[in-house]
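Asker: From just these sequences and the hints, can you work out the full model?
So you can see what is in the structure, the chains are spelled out below.
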Amino acid sequence: SQQGEEDPQALSIQEGENATMNCSYKTSINNLQWYRQNSGRGLVHLILIRSNEREKHSGRLRVTLDTSKKSSSLLITASRAADTASYFCATDSASNTGKLIFGQGTTLQVKP
Amino acid sequence: GAVVSQHPSWVICKSGTSVKIECRSLDFQATTMFWYRQFPKQSLMLMATSNEGSKATYEQGVEKDKFLINHASLTLSTLTVTSAHPEDSSFYICSARSGKGTKNEKLFFGSGTQLSVL
Chain A
146 SQQGEEDPQA LSIQEGENAT MNCSYKTSIN NLQWYRQNSG RGLVHLILIR
196 SNEREKHSGR LRVTLDTSKK SSSLLITASR AADTASYFCA TDSASNTGKL
246 IFGQGTTLQV KP
Chain B
1226 GAVVSQHPSW VICKSGTSVK IECRSLDFQA TTMFWYRQFP KQSLMLMATS
1276 NEGSKATYEQ GVEKDKFLIN HASLTLSTLT VTSAHPEDSS FYICSARSGK
1326 GTKNEKLFFG SGTQLSVL
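Protein chains in written order, with the working numbering: chain A, 146 to 257; chain B, 1226 to 1343.
Hints listed in this document are in silico derivations from the structure and should not be mistaken for laboratory results.
Treat the hints with care, since some could be wrong.
Cut-off 20 angstroms, straight-line C-alpha distance, at most; resulting in silico cross-link-like pairs (DMTMM-like, lysine to aspartate or glutamate) [unchecked claim]:
#1 K1266(B) x E150(A)
#2 K244(A) x E1277(B)
#3 K244(A) x E150(A)
Answerer: The following block contains the structure:
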């Protein structure tokens, strides 16, 4: 398969709670990126973590990367209704093709 | 951040017609653009890599004669769905990197085009 896997496929939480999404991939990577997509729209880049990094923060976002397990997680803390969207991980292969391959995505619903 | 403009946002066409989708980088030069396809509630599937001044590189299973890609300038790539059929109905999204090499790793996305073929 071209894509990695994300879990859960769907997540519903209350405002203020934390949301954790996981991503697994198959090949060696240069970096892993997380994107957000609102329904019917393009994607917005959230955060990038390189293969030699283990954790990265950006505002309410925290990303971890475990290259030995070929997995990453995205944590959104203190969620807001406006965080409702689909979240995708994408990997930039170490073979340096320049292509980004996307995971299946997690649909997050944050209830007010 | 860099802006990628995609047009049209949506298009409805009759079966057998061709549809052209434009993707422009507004404030940077994009030597490489990527075209993705997305079915409802699914992920993005890479269709092809568009390189300025050369032929596009298509992913396995994507018909190059069906999905014509032209990247004639550093700011414009077009995707033409030829002889469209209902199964081609999908959300098409372009993206671009600013600059060459792996220094600029993140992609900037257009807002997508919803194609409906009747």
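Asker: If a hint holds in the structure, say so; if it doesn't, say that too.
Answerer: Here's how the hints hold up against the structure:
| no. | hint | result |
| --- | --- | --- |
| 1 | K1266(B) x E150(A) | 14 angstroms, holds |
| 2 | K244(A) x E1277(B) | 15 angstroms, holds |
| 3 | K244(A) x E150(A) | 17 angstroms, holds |
Hint compliance for this structure: every hint is met.
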